[in-house]
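Enquirer: Just so you know, the protein sequences line up as chains A and B, in that order. Reminder that position 82 of the first sequence reads as 150 in this note's numbering, one-by-one numbering, no gaps. Reminder that position 40 of the second sequence reads as 36 in this note's numbering, one-by-one numbering, no gaps.
Hints are computed from structural coordinates only; laboratory data are not their basis. Among the hints, erroneous ones may be present.
[Stated by the list, open to error] Listed next, with one range per pair, are the computed distances between beta-carbon atoms:
hint	chain 1	residue 1	chain 2	residue 2	range
1	A	Ala92	B	Ser(-2)	35 to 43 Å
2	B	Ser75	A	Ala99	21 to 29 Å
3	A	Phe120	B	Gly85	23 to 31 Å
4	B	Gln58	A	Gly110	39 to 47 Å
5	B	Glu1	A	Ser102	16 to 24 Å
6	B	Ala57	A	Gly114	43 to 51 Å
7	A	Gly114	B	Val12	24 to 32 Å
[Stated by the list, open to error] Partial selection, computed: residues in chain A whose CB lies under 10 Å from chain B:
hint	residue
8	Ser91
9	Arg93
10	Arg97
11	Val98
12	Ala99
13	Asp101
14	Ala119
15	Phe120
16	Met133
17	Met136
18	Pro138
[To be verified] Far from chain B, by Cβ distances over 10 Å, these chain A residues were calculated:
hint	residue
19	Met69
20	Ala80
21	Ala83
22	Pro85
23	Gly114
24	Ala116
25	Leu140
26	Ser143
27	Gly149
28	Leu153
29	Leu155
Every residue gets a Cβ at the ideal spot worked out from N, C-alpha and C, and that includes glycine.
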Amino acid sequence: MSNDDLDRLLSAPLAEPEDRGFSARVLARVARDSSRAARLEGIGYGVAAAAFVAALALSPLGDVMSAMTPHLAGSQPVMVGAAILILTFFVGREFARR
Amino acid sequence: MSESELADRVARSGDVVAFATLVGLTQGRVRAFLLRLTRGNHTLADDLAQETYLEAHRKLAQFRGEGSFAAWLYRIAWSRFQMHLRGQGPHTDELDDSIPAPPCDPGGRIDLERAMARLSSAERAALTLCYALEYSHAEAARIMDLPLGTVKSHVTRGRERLRALLEG
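Work out the full structure, taking the sequences as your base and the hints as a guide.
Expert: Pasting the structure below:
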């Protein structure tokens, strides 16, 4: 067999199988995995928030925080900072969606 | 819209329609590649292809557009196939002499597939990437995550073994 014959044989395009529902099965699994991941993420955030609140309630940090809260709530720089954070979050999300 | 642009869109916004389009555009090539790696085992090739797309969907943000999207998919497919081989235990990738030698009709697709099945998986992958899928040796080395010299020797050795098998 010559080099050219071998090259020609090897260079023949692969025979591609027909879809026959393969793409649909992949998309269904992706959707299932995504919703499971979102659920787990939600549970993770919930557990983290509960742990944070529990830590605050059980440690002296909780008393310090409650003493500071009235001052923080009335502070203009804190309010501006919080507004900027919230705005950045929503603008970032909208930008990513586009 | 190109495959890379579609991938970018999925990574940015999780666009399901764009991902469905990508799967539809590439599934034939990816499954054909895996079919050759698995020596024609359709069920295994489809399972590995499905795993490939799930991993691609999870890691799309890591696709930087260096090289084609298809090359990135082949890279994942090759790594999934290797994980499968490792799970099968040692010696699963040895040259398989139990597969019948191709009959004396060189030049046909069936003969090529039978002869290919008797090569090592690395030789099959290197030859398929460099000839049927038209990647350069350097691109094949990136896909297979091997040094360039190793891929070149897989191609040379695979070619010679294939020629010997096809000539009977």
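Enquirer: Which of the stated hints cannot be reconciled with the structure, identified by number in ascending sequence?
Expert: 1, 3, 4, 6, 14, 15, 16, 17, 18, 19, 20, 21, 22
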